[in-house]
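**Q** Chains as they are written, first to last, in my numbering: chain A, 3 to 246; chain B, 3 to 246; chain C, 3 to 246; chain D, 3 to 246.
Hints listed in this document are in silico derivations from the structure and should not be mistaken for laboratory results. Cβ coordinates follow ideal geometry from the N, Cα and C atoms, glycine included. Each hint should be verified, as a subset may be incorrect.
What the hints assert, rightly or not - If the Cβ cut is set under 7 angstroms, some of the chain C residues that face chain B in the computed set are:
#	residue
1	G131
2	I134
3	A138
Unchecked claim - Derived lysine-lysine pairs resembling DSSO-like cross-links, with alpha carbons at most 27 angstroms apart:
#	chain 1	residue 1	chain 2	residue 2
4	B	K114	C	K203
5	D	K72	A	K151
6	A	K203	A	K161
Number of protein chains: 4
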Amino acid sequence: MLKQWRSLLSRNLSSKTLLSGKWGDARGALCPHGFEPRAAFSTSVHDFSATGNSSANARLFAPYKIYKGKAALTVHPLLPTFSKIDSGTGGLRVDRCGVIMLTFCPAIAERKYDWDKCQKFALSPTEVGSLISMSAHGASEFYHDPSMKSRNSGQVSKKLSIKALDGGNSYMISLTVTNNNLKSTERLNVSVTTAEFAVLKTTCSFALPHIIGWDRLMNQLPKGIEGSPSKVNPKQHPDLEWDR
Amino acid sequence: MLKQWRSLLSRNLSSKTLLSGKWGDARGALCPHGFEPRAAFSTSVHDFSATGNSSANARLFAPYKIYKGKAALTVHPLLPTFSKIDSGTGGLRVDRCGVIMLTFCPAIAERKYDWDKCQKFALSPTEVGSLISMSAHGASEFYHDPSMKSRNSGQVSKKLSIKALDGGNSYMISLTVTNNNLKSTERLNVSVTTAEFAVLKTTCSFALPHIIGWDRLMNQLPKGIEGSPSKVNPKQHPDLEWDR
Amino acid sequence: MLKQWRSLLSRNLSSKTLLSGKWGDARGALCPHGFEPRAAFSTSVHDFSATGNSSANARLFAPYKIYKGKAALTVHPLLPTFSKIDSGTGGLRVDRCGVIMLTFCPAIAERKYDWDKCQKFALSPTEVGSLISMSAHGASEFYHDPSMKSRNSGQVSKKLSIKALDGGNSYMISLTVTNNNLKSTERLNVSVTTAEFAVLKTTCSFALPHIIGWDRLMNQLPKGIEGSPSKVNPKQHPDLEWDR
Amino acid sequence: MLKQWRSLLSRNLSSKTLLSGKWGDARGALCPHGFEPRAAFSTSVHDFSATGNSSANARLFAPYKIYKGKAALTVHPLLPTFSKIDSGTGGLRVDRCGVIMLTFCPAIAERKYDWDKCQKFALSPTEVGSLISMSAHGASEFYHDPSMKSRNSGQVSKKLSIKALDGGNSYMISLTVTNNNLKSTERLNVSVTTAEFAVLKTTCSFALPHIIGWDRLMNQLPKGIEGSPSKVNPKQHPDLEWDR
C-alpha cells in the first residue's frame with residue numbers, strides 16, 4: 003500500500019507541478035486508498051482495436067472516437083472498482099479509482115490505423131478536472147511512468163500535452179512516449195476541433211462523478227426513509243460537525 | 003462496412019471543414035464502427051406528425067417544440083443501437099450512434115404547419131458539440147447527403163445553418179434542402195430566442211453522453227464489487243498503461 | 003385541443019415578447035400537445051404549506067426554500083404527465099409538460115409566513131431556459147393568465163420579474179398578481195443571493211431534461227440490443243434523413 | 003422544531019451576511035423543516051479515518067481526497083434523510099437536508115496525517131451554491147456553531163474560508179476552529195489547484211440536486227402514465243396556478 007502510495011504521490015507530483023508550479027500542490031487528489039497504475043483492466047490490444055474498449059469490467063463498448071490524419075484518438079471512461087470493508091457493515095469502498103482512458107493509434111495510410119501500435123494514457127479525476135477547466139488559451143501537461151515502482155520503473159515515461167490553438171479554435175493533443183531502453187521516442191498528435199473538444203469536456207464532466215464513485219453513493223437508499231426520525235437514537239447520532 | 007465508413011468520413015468532412023477550415027480535421031468523431039445514414043429508425047411521416055417522434059426504438063414521445071411564424075422545429079434525441087459482440091463475452095457495443103434529430107415543418111397558415119412536408123436533419127455527437135459550444139457571436143454550418151453512397155447519392159444535399167444574432171439575443175436556425183433532380187431548393191427558417199437556445203444547449207448537453215452510450219457504460223456493475231481485491235489474479239490485470 | 007393550443011400561444015406570446023421584442027418569437031416552445039394551464043396537480047393550500055409540494059403526482063416532498071424578510075419562496079419541479087398512444091404500440095407521449103413551480107408566501111411577522119395567502123407561478127421549460135441563461139446584468143419578465151380561455155379569463159393576471167442587481171451580487175424575484183374583479187394588486191418580493199441563485203440555476207438545469215421528459219426517453223432500452231444488426235429488416239429502416 | 007429553526011436562521015445569518023452584506027438575505031435557503039446541525043450521521047473518528055466517510059446512511063465510501071503539505075482535505079456528499087408523512091398518503095418528505103462534508107486532517111509528517119485530529123465542516127445546499135458560483139477572483143466565508151442552541155452553544159465556532167489566488171490559478175481553503183473554553187484556535191489550510199477546484203465544482207454541482215432530494219423526486223413514476231388523460235377527474239385537478 004505504502005509503495006503504491008508513494009508512486010501515486012510522485013505521479014501526481016509531476017503532473018501537478020506544471021499546472022501550479024507549486025510543490026505544495028504536489029500531493030494531488032488521490033482515489034480512496036490511492037490510484038494504482040496496475041489497475042484491474044485487461045488490455046489485449048486485439049480486443050481493444052476490435053471493440054474500442056479494453057476494460058475487463060466494461061461489458062459495453064462505447065468509445066468516443068476522433069480519427070485524424072496522423073493518429074486516431076479514442077476516449078472512454080473506466081469505472082472505479084470497489085471492495086468490501088472488512089468490518090461486517092456490508093459497506094463498500096472504492097478500491098481503484100476510475101479513469102478516462104485515452105488511446106492513441108498511429109495512422110499508416112489514408113484513414114488506416116495500426117491498431118497494434120496504440121499507446122494509452124489514463125487521466126485521473128484531477129487530470130480530468132484540468133481538461134474540463136481548460137480555457138481557450140490554456141495548456142496542460144501530464145507525466146506518467148506506467149511501470150512506476152515496479153522493476154521496470156523509469157524505463158518508459160509518457161507525457162500528455164493538451165494545447166489550445168488560435169484562441170480555442172482548435173486544440174492539439176499529443177502523447178509522447180520515451181523508452182530509455184530502446185532509446186526511442188514516439189509522438190502521436192491529434193488535432194481536435196472546438197466541437198470535438200466540447201464533446202470531450204461535456205462527456206468528461208458527465209463521467210467525473212462516476213469515476214470517483216459519487217454516482218453510486220447517490221443511488222443508495224438514505225437511512226430514515228423507512229421510519230420517523232423520532233425513533234432516532236441520539237447515541238448513534240452525535241453532532242454532525244462536533245465529535246471531539 | 004468499409005462503404006459506410008467512407009460515407010461517414012466524407013459526411014464529416016463537409017461538416018467539419020466549415021468549422022475548422024482544416025483538412026486534418028476532416029475525419030471527425032465517429033460512432034463505434036461508424037455512423038450509418040440508413041439508421042434503424044422508421045420514419046413514417048404520418049406517425050411523426052402525430053407523435054413528434056419517428057424513432058422505431060423510442061416508445062416514449064417527448065420532443066422539444068419551437069413553433070414559429072414560418073416553420074415548426076421539433077428536437078428529440080435518438081438513442082444509439084447496440085449489438086452483441088460475437089465472442090461469447092456477453093458484451094455489447096454501440097452499433098449505430100445516437101443523434102439529436104431536428105425536424106422542420108413549414109407553416110401553411112397562422113399556427114398551422116404542413117406535417118407532410120417536414121424535413122429532418124440528424125446531428126451527430128460532434129455536431130451537437132458544435133451547437134453546445136456556440137458563442138453569442140458564433141455560427142455553424144453542417145452539410146449532409148442523406149443518401150450518400152447509395153445510388154441516389156448526390157441527388158439531395160442538406161445544409162443546416164445556426165447563426166447567433168444581436169450578440170446572442172436570438173438565433174436563426176435554417177435548413178436548406180437542394181434537390182438536383184427536381185431542380186428545387188427548400189429553405190426552412192426558425193428564429194430561436196435566447197431562452198429557447200438555452201433549453202437546446204442544456205438538453206443537448208444532457209443528451210450527449212446518452213447518444214454516445216456512456217450513460218449505459220456507467221450503469222454497469224463494476225468488477226471487483228463482489229470480492230476483495232486480494233483475490234485479484236495478476237495475470238488478468240496487466241498494467242493499465244503498459245501493454246507492450 | 004385547439005382551445006388550449008390558442009391559450010398556450012397567447013400565454014407564450016406575453017412571456018416571450020419581453021424576452022425578444024419579436025412577434026415572430028411569440029409562438030414559443032410547446033409541450034407535446036401544448037401546455038395546459040389546468041394541469042394535473044391538486045393544490046390544497048393546506049397540503050402545500052404542510053408539505054412544501056402540492057403535486058398530486060409527487061409522493062416525495064423536496065422543495066428548495068428561500069425564506070426572506072418579506073416573503074418565502076419555495077421551488078420544486080413537477081414532472082410531466084404521460085398518456086398512452088391510441089395505436090397499439092404501447093407507446094407513451096407527454097400529455098402535460100412538467101414545470102418548475104415557484105410558490106410565494108407573504109411574511110406576517112419576523113420569520114412567520116401566511117401559508118394561506120401563497121401565490122404560485124409555474125415556469126414552462128422555455129421560461130426555465132430564460133432563468134438559467136440569465137446574465138449578471140439580465141432581467142426577465144413573464145406574464146400568465148392562470149384561468150386563460152376559461153370563463154374567468156382576464157380576471158387575474160400574474161407577472162413574474164427576475165432582475166439581477168449590483169452586477170449579479172444579488173437578484174430580486176417579484177410576483178405581481180392583479181385581480182381586476184377585486185381591483186387588487188398583490189406584490190411579493192424575494193431578494194436572492196448569488197449563492198441561492200446558483201442553486202436555482204444548477205437545480206433547474208438538472209430538472210429541465212426531466213420536465214420535458216427526455217430523462218425517461220433516455221432510460222428506455224434501445225432497439226437492437228437483443229439481436230445482431232444483420233437481422234435488421236431494411237423495409238423497417240428507411241433512411242434516417244430521407245423519407246420523401 | 004422552532005428551536006432548530008431559529009438555530010438554522012442564525013446559522014444562515016452568519017454565513018449569508020458575508021456573502022451579501024444584507025440582513026434581508028440572512029434567512030437563507032432551508033431544507034424542508036430546516037437543517038439540523040445534530041444530523042443523522044455517526045461520526046466515529048476512527049471509522050472516518052478508516053473509511054473516509056462517516057455517514058451512518060452511506061454504505062459506500064468514495065471521498066474525493068486532496069492531500070497537501072499542511073493538511074488533508076476529503077470531500078464527500080451526505081444524502082438527505084426522509085420521513086413518512088403522517089397522513090396515509092404514503093408520501094415522504096426530506097427530514098434532514100443533505101450536505102457536502104469537508105473533513106480537514108492536519109499533517110504530522112511528510113505525507114502523514116493525524117486522523118484523530120480531523121475537523122469537519124458541512125456545507126449546506128446554499129453554501130454549495132456559493133462554492134460552485136465562485137469566480138476566479140472571488141472569496142467566500144461561512145460561520146458555523148456546531149453545537150448551536152445546545153447547552154454547549156458558543157463554546158466553539160468554525161469559520162470556513164475559500165479564496166481564489168492569482169486570478170484563479172489556485173485556491174486556499176482554510177478551516178479555523180476557535181474553542182472559547184480551551185482558549186484555543188486551530189487553523190487548517192489546504193492549497194487547491196485549478197484542476198482540483200474544477201473537480202470540486204463539477205462534482206458538487208452534480209451532487210447538489212441529490213442533497214436537496216430532487217433526484218428522487220425525478221425518479222418517481224408520474225401520475226397519468228397508466229391511463230388516458232380523458233379519465234382525469236377535474237375535481238382532483240384544479241388550476242395549476244389558480245387555487246383561490
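**Q** Hints first: check each against the structure and report whether it holds.
**A** Taking the hints in turn, this is what the structure says about them:
Because the smallest distance between the Cβ of G131 (chain C) and any Cβ of chain B comes to about 4 angstroms, under 7 angstroms, the interface hint for this residue holds. A distance limit of 7 angstroms between C-beta atoms decides the matter here; for I134 (chain C) the minimum to chain B is near 6 angstroms, and the interface restraint holds. Taking 7 angstroms as the C-beta contact cut-off toward chain B, the hint placing A138 (chain C) at the interface is violated, the least distance being around 14 angstroms. Of the supplied pair hints, the one linking K114 (chain B) and K203 (chain C) is violated, its CA atoms being roughly 34 angstroms apart against a limit of 27 angstroms.
Taking the CA atoms of K72 (chain D) and K151 (chain A), the gap is about 26 angstroms. The hint holds against a cut of 27 angstroms. For the proposed pair K203 (chain A) and K161 (chain A), the alpha carbon gap of about 20 angstroms is at most 27 angstroms, so the pair holds.
Checked against the numbered hints given earlier, the structure breaks hints 3 and 4 and satisfies all the rest.
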